[in-house]
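J.: By the count of the working numbering, the sequence shown reaches residue 298 at its end, each step adding exactly one.
By construction, these hints were calculated from the structure, which means they are not laboratory data.
This structure is a prediction, so every number in the text was calculated from the model and none was measured.
The beta-carbon is built from N, C-alpha and C at its ideal position, and this holds for glycine as well.
Misleading hints may appear alongside valid ones.
Simulated pairs of lysine to any residue, SDA-like, Cα-Cα distance not exceeding 20 Å [said to hold, decoys possible]: (1) K67 <-> A266; (2) K67 <-> G237; (3) K67 <-> V50; (4) K67 <-> Y257; (5) K67 <-> W81; (6) K67 <-> A260; (7) K67 <-> A44; (8) K67 <-> A51.
Simulated DEER-style distance windows between Cβ atoms [unchecked claim]: (9) P124 <-> L216: 25 to 33 Å; (10) M255 <-> G154: 22 to 30 Å; (11) S241 <-> V110: 23 to 31 Å; (12) L166 <-> A53: 22 to 30 Å; (13) Y151 <-> A51: 26 to 34 Å; (14) P242 <-> M181: 23 to 31 Å; (15) R32 <-> A260: 47 to 55 Å; (16) G156 <-> A44: 54 to 62 Å.
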Amino acid sequence: MFGSKPGPREAQADGLTLFHDIERPYARGGRRAWLAGCVLAAVALVCVAVAGALLSPAAGATDFAQKNLAPCAGHLFGTDWMGRDMLARTLAGIATSLAVGTLSAAVSSVIALALATVAALGGPRADAVVSWLIDLVMGIPHLILIILVSYALGRGAVGVTVGVALTHWPSLTRVLRAEIMQLRAQPFMACSRALGISGMRMALTHAVPYVLPQYLVGLVLLFPHAILHEASITFLGFGLSPEQPAIGVILSEAMGYLTAGSWWLAVFPGLVLLLVVLMFDRMGSGLRCLVSPQGVQS
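Modelling step: build the complete structure from the supplied sequences, incorporating the hints.
T.: Structural data, given as structure tokens:
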């Protein structure tokens, strides 16, 4: 200022001297790139799920004349010891994992939203009970708790779904509870309570819309955890039945044939599972950036 040249942290804008450079983290199409990445990942996951559902009958077709074939033009992922096409089995297994992960993550996120709302708006006793539940569930390793719940319910798709849903809500509950607690401190919430508006109405009209962006991000980020845990307990024999073309079943069966040189039985299904998890992570990171204050105002 006062006629001096702008310093290293000064910038000229409309004839005025600014002492801070304008930071635009989403400049040069960054926001559009994140949005495009989310859309592409979602489309790819839908295509994988649809392809897996369509190839489910072919995943169980056996041809002993073409068993243990290495990857080739006719069988891109090779074949197993029963002549089943590994590409069809992998896509069908991913489709099964996506179905189980979608349902369990959705149920878990609804549990998290409900408990967070009760804890933040239900008073000190409700907050203490929810906090105790969070500490109790987080004090037990996820995998052990999922195995116990799944085994108690007879394993299978129902046991896995319920087990994953009942163990993945605590972290999201803490995040949503903190957001609603900040909302509760706002003056208009005090006015609503003074006017006699019920807690249920305040939750539906104020709390839920306020935490909806964080809820959507948390929901998307629950998917990879649900899919990986479903594959893990199925691999250990406590999840889906061996008749279902699940990724955990495929990897578990492939362990007995790796020493015979059939590396493709585990490598390709594992890579596809990794790619699906990374796509969900990409979607979650993109949504987090898009709903952040910097991203919204860019």
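J.: If you draw a straight line from the CA of K67 to the CA of G237, is it 20 Å or shorter?
T.: violated, 25 Å
J.: Quick check: does the Cβ-Cβ distance between R32 and A260 fall within 47 to 55 Å?
T.: With Cβ atoms ~49 Å apart, the hint holds.
J.: Starting from the range 22 to 30 Å, see whether the pair M255 and G154 falls in it by beta-carbon distance.
T.: holds, 25 Å
J.: Is the straight-line distance between the alpha-carbon of K67 and that of A260 20 Å or less?
T.: holds, 13 Å
J.: Taking 25 to 33 Å as the stated bounds, is the beta-carbon spacing between P124 and L216 within them?
T.: Taking Cβ atoms as reference, P124 and L216 lie about 29 Å apart, which means the hint holds.
J.: Tell me if the straight-line CA distance from K67 to Y257 falls inside 20 Å.
T.: Holds, because 12 Å separates the two Cα atoms, which is no more than 20 Å.
J.: Evaluate the given range 22 to 30 Å for the C-beta pair formed by L166 and A53.
T.: Since the Cβ atoms of L166 and A53 sit about 27 Å apart, the hinted range of 22 to 30 Å holds.
J.: I want to verify a distance hint. Is the separation of the beta carbons of Y151 and A51 within 26 to 34 Å?
T.: holds, 32 Å
J.: Take the C-alpha atoms of K67 and W81, compute the straight-line distance between them, and say whether it is at most 20 Å.
T.: Holds, at roughly 5 Å.
J.: Does K67 pair with A266 here, judged by a C-alpha cut-off of 20 Å?
T.: holds, 15 Å
J.: Okay, G156 versus A44 on CB: inside 54 to 62 Å?
T.: The hinted range 54 to 62 Å is violated for G156 and A44, with Cβ atoms some 28 Å apart.
J.: Measure nothing beyond the straight line between the CA atoms of K67 and A51; if it is 20 Å or shorter, mark the hint as holding.
T.: violated, 23 Å
Comparing the model with each earlier hint shows violations of hints 2, 3, 7, 8, 14, 16; every other hint is respected.
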